[in-house]
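Based on the sequences and whatever the hints tell you, model everything.
Number of protein chains: 2
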Amino acid sequence: MSQKRSLTNRQLFLEFYDSKLEEGKEVTLEGWIRANRDNGNVGFIAFNDGSYFKNTQIVYDGNNKDYEQYAHLKYGAAIQVTGTIKLTPEAKQPFEIHATNITLLGDCSEDYPLQKKRHSYEFLRDIAYLRPRANTFNAVFRIRNTLAYAIHRYFQERGFMYVHTPLITANDAEGAGQVFHVIADPKHPTDFFNANACLTVSGQLHVESFALAFRDVYTFGPTFRAENSNTTRHASEFWMIEPEIAFADLEDDMDLIESFLKYIIKYVLDNCKDEMEFCNTFLEKGVIDKLNHVLNTTFRRMTYTEGIELLQKAVKGGHKFENNDIYWGMDLQSEHERYLTEQVVKGPVFLTDYPKEIKAFYMKLNPDNKTVAACDLLVPSEGEIVGGSQREEDYEKLIAKMKELGNDKGLDWYLNLRKYGGCKHAGFGLGFDRLLMYITGIQNIRDVQPYPRTPGSLKY
Amino acid sequence: MSQKRSLTNRQLFLEFYDSKLEEGKEVTLEGWIRANRDNGNVGFIAFNDGSYFKNTQIVYDGNNKDYEQYAHLKYGAAIQVTGTIKLTPEAKQPFEIHATNITLLGDCSEDYPLQKKRHSYEFLRDIAYLRPRANTFNAVFRIRNTLAYAIHRYFQERGFMYVHTPLITANDAEGAGQVFHVIADPKHPTDFFNANACLTVSGQLHVESFALAFRDVYTFGPTFRAENSNTTRHASEFWMIEPEIAFADLEDDMDLIESFLKYIIKYVLDNCKDEMEFCNTFLEKGVIDKLNHVLNTTFRRMTYTEGIELLQKAVKGGHKFENNDIYWGMDLQSEHERYLTEQVVKGPVFLTDYPKEIKAFYMKLNPDNKTVAACDLLVPSEGEIVGGSQREEDYEKLIAKMKELGNDKGLDWYLNLRKYGGCKHAGFGLGFDRLLMYITGIQNIRDVQPYPRTPGSLKY
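Residue numbers (our numbering), protein chains in the order written: chain D, 24 to 483; chain A, 24 to 483.
Think of the hints as simulated: they come from the structure by calculation, not from any bench. Quantities reported herein were computed from a predicted structural model and do not represent experimental measurements. Just to be clear, a hint being listed does not mean it is correct.
Where chains are identical, the list cannot tell them apart; a pair therefore holds if satisfied intra-copy or between any two copies.
Below, a list of computed lysine-lysine pairs in the DSS-like style, where the Cα atoms sit at most 30 Å apart [unchecked claim]: (1) 210 with 432; (2) 424 with 482; (3) 482 with 442; (4) 432 with 97.
Written as C-alpha cells, this is what we have:
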C-alpha cells in the first residue's frame, strides 16, 4: 500500500498497545470532527478517521495564530491535523495530539442532519447514508465486519470450501408467494431466462451438490423473502450462512454448530473489545456476560418430545403461556422455546427430532417414521437461532416425500445426488443479521443492516 | 469440531508435509471412488473425499476375502476405507493406504453421466450439479474459494471494513434496460416496496457513504446485468469487489490496486500449488509464469492521451488493428488495450485520465476540464481487468454533471456526501469471476461459476 496516505487512528492505537507510540512523534492524520470545544485558551477536537472505534483527542493552543479559525471548525467537517503525540497515561484517552496545524479539507453544511445529540433509531434509519458516523452504528457495523470475517476464518481454517450459490434461481424452494420474481422486461416476464426466475430463499439445495464433491462446504451470501411482515425481525434481504458437511449425521451437525458459534462469538469478543463495551453499556446491559455464558456452557441436547413433556409439566405446574395448549406435533412458539432455554436448561439447548409434518421435505426420516433428524438451537433471551438437519439420503424416501408435497418438479438433479455416490450429510442455516442482533443487543433488524430493505421501504 | 467424523485426505497430506505421517498408522477415511482397477492379485482405488485436490491411492490385496467385491466397486461410489499408511517416497503419490476393509456407503447408478473420460465443457455445464467432481472443476472451485478468502484477508489485515451493500435497490445506476426488476406480485409490480425495485449493478454509490465514515471499506458480493450478451465473458449474475478509500486520490487508488492484485495472486500461487499446476498443464500452458510476471513487475502508469499517441504511431508504423481509426476521445477496444500492455509495455499498465465523455458521471474532473481521474488496469493476454477512479468531491461539479445526464433524481443523499465533511476519495471495481478466469486460464465465465446464469439459461 502507498506510503503517501496519512497515518490512521488505528495505526496510532496499535502502536500504543504495542508500547511503540513515542512521545513527541510528529504525525499527520486526516479524518472528521466528532466534537470541538474551546475555552479561549485551549481547544479540544474529538477526532475520528473511521479506522478505529475510539476517537483521538486533538489539542490546539490559544497561542496558535489560527486559534480562532480552529475554534470555529464545525462538527462533521473533514480536516487534516499535524501535531505531536503526547502520552497521557493518567487520562481517559491514552494519548493526545498537540496540533501545530489544522487544515479544513471538507466543510460540513449547516443543515447537517446528524447532530451531536441522541437521535432516535427511526430518525437515523431515515438518514441511513449518514448513520455509520453515529457511535451506535460505528460500533454495530464494525462488529458486523468482524463477525463476517470470523465466519470465513472458522471455515477456512478447517478446510471448508466457500461456494457462491446462485441468487437467481428457478427453484422456488418455499412455495409461491414468498419469493421475488426477477424480470428483465415486465412485458415479457419469462423471456430473458426462458424460465420463471426468482431470488433465492436458501442456497442449501445447491450447496448440497458441492458437499457431495468437496465434503465440507459453506455458503455465506444474501437471501430474500417477499414476505409482507413488518416486524423487528424480518427483512426482505438478509445474509445467511449455510454450511453442509458430507459423511456426517445430526450429531456431527450439532458438534459443528456449537464449535462454530463459540468460535465466532469469541472472535468478536476478542477483536471488538471497545465496540462490545459500548454495546454492553448502551445497547444491552449484560450482553458480554450473556455471550460469555454461551462460550462457557456445553450446549444441552434434548428431543422435541422431551421438550413437549417439559412444557406440559410446566403448564400443569401453573406456568401461563400465551398459548397454553401444548401437544405433540405442535410448532413451538417463541415463548415455549424461551421457556425451555431460559427456565429449564438455563443455557443453550438443541431441540432435536421434530415431527416430520412441521419440518422441511429434505430432512432425514428417523426409524420411528414419525420424526426427522432436525435440530433447532435455542438460546436464552432469543429463542431459536440456528436450524439444522441431517438430509434424507434415501432416494426412495425422498422422492416419496416430494411427490406427497407435489414439489418433485425440476429437482431431478437434487434427487440424483442420492443415486450417484450419495452419503449421509447434514447442514444448518444461520441468519447472519439476527445473530448480529443477538451479539450487539440491537433490537431491530433494520439497525444492523447497512441499507435495510423491508416492505414499503426502499429508500437509497 | 467432532472427534467422531473420519479423518480426511487433507489431514493426511498435511501430516505428510509436516513429516508427521507414520508408516503403519491405521486410518479410516470416507470418500468417493475416482478410479478402480485390479489385476486379480491386487487392486487400486484412486480415492478422494473432496477435502484435498490430490487423490489418495488405496491398495487392496488379492488375499482379502472380499477382494471380488472390492474389485466391483463402481466409479463414483461413496465408500469407507480402513487401512494402514504405507509411505511410498519413490512413487508418484507420497503415500498409499493398504486397505483391511472397504465398505460401500452409497452406490453409483449405472446411468451416472460423469464418466472417467474427457467430457466437453458444454456437456459438463449441463450437469453443473456433478461437475465439481471432475478434475478441472475440482481445481477451479478450490481456487475460487482460496481467491475469495485472499480478498478478505488482504482487506482485513489492513483495517478495511467489509460492507454488505444492498442487492435490491431503487437506484438504476447504469440506465434502463440493463437491470433486472425485483417484483413480488407481477400484477402489481411496485406494490411491495412502493417503488421500482431493481437488482444492483454496483455497490459503489452505497459503499462511498461508508468510506466517508470508516475511511477504508470494501464490498464483495453479487451484482447483476440484464444484458442480452451471449459471450464467453458475460454472465447475468457475478461477484464484484469494490473497495473505496477516503482521503485518497487516483495515485493512492492505483497503489492499492497493484498491492491488492499482487497479494491475492501470490496467495493463490502459495496456497493452491497443486491446483495451479493442474491449470498450468491442462488449462493454459504458462499461466503460472504469466502470474509470476505480474508479481515481479512494477505496474506502469500512462495517460490515455499517451496511449492514443502510441496506438497512432503503431498504425503509422504499419500495425493493423481491426479498427485502425485511432483518435483522441475514442473508447479503446480490447485489441488496442492488449497492444499497449502486450507489445508496448510488455507488462501490466494503468491507463489514466480518460476523456470525460467516455467515463462515468461520478469520476473527478481533472483541471484540464477534458479528462477525468480514472484508471483502467490492462494486463497481457487479457486487456482491461480493473477499473477505478477518484470520485468527484465537488458538489457543484457533480450536480452539474448529473443534471447534464439527467440522473440527478433520487441521488440527493449521494450528492450530500459532498456537503457533509466530504473529502477526496477513490475506489475501484474488479469482476471476481473474470479475475478467476485470468488466474486459472478458463476461457468461459460459465466454467468458473458454480451455477452460471446467462440469457436463456436457468437450469438448476
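So, going through the hints one by one against the coordinates:
1. Taking the shortest Cα distances, residue 210 and residue 432 sit within 30 Å of each other both inside one copy (26 Å) and across copies (25 Å).
2. Proximity of residue 424 and residue 482 under a CA criterion of 30 Å is satisfied inter-copy only: 23 Å between copies versus 42 Å inside one chain copy.
3. With identical chains, the CA atoms of residue 482 and residue 442 are at most 30 Å apart between copies only, with a shortest distance of 20 Å across copies and 48 Å within one.
4. In this homomeric assembly, residue 432 and residue 97 come within 30 Å of each other (Cα to Cα) only across copies, at 29 Å, whereas the closest approach inside a single copy is 63 Å.
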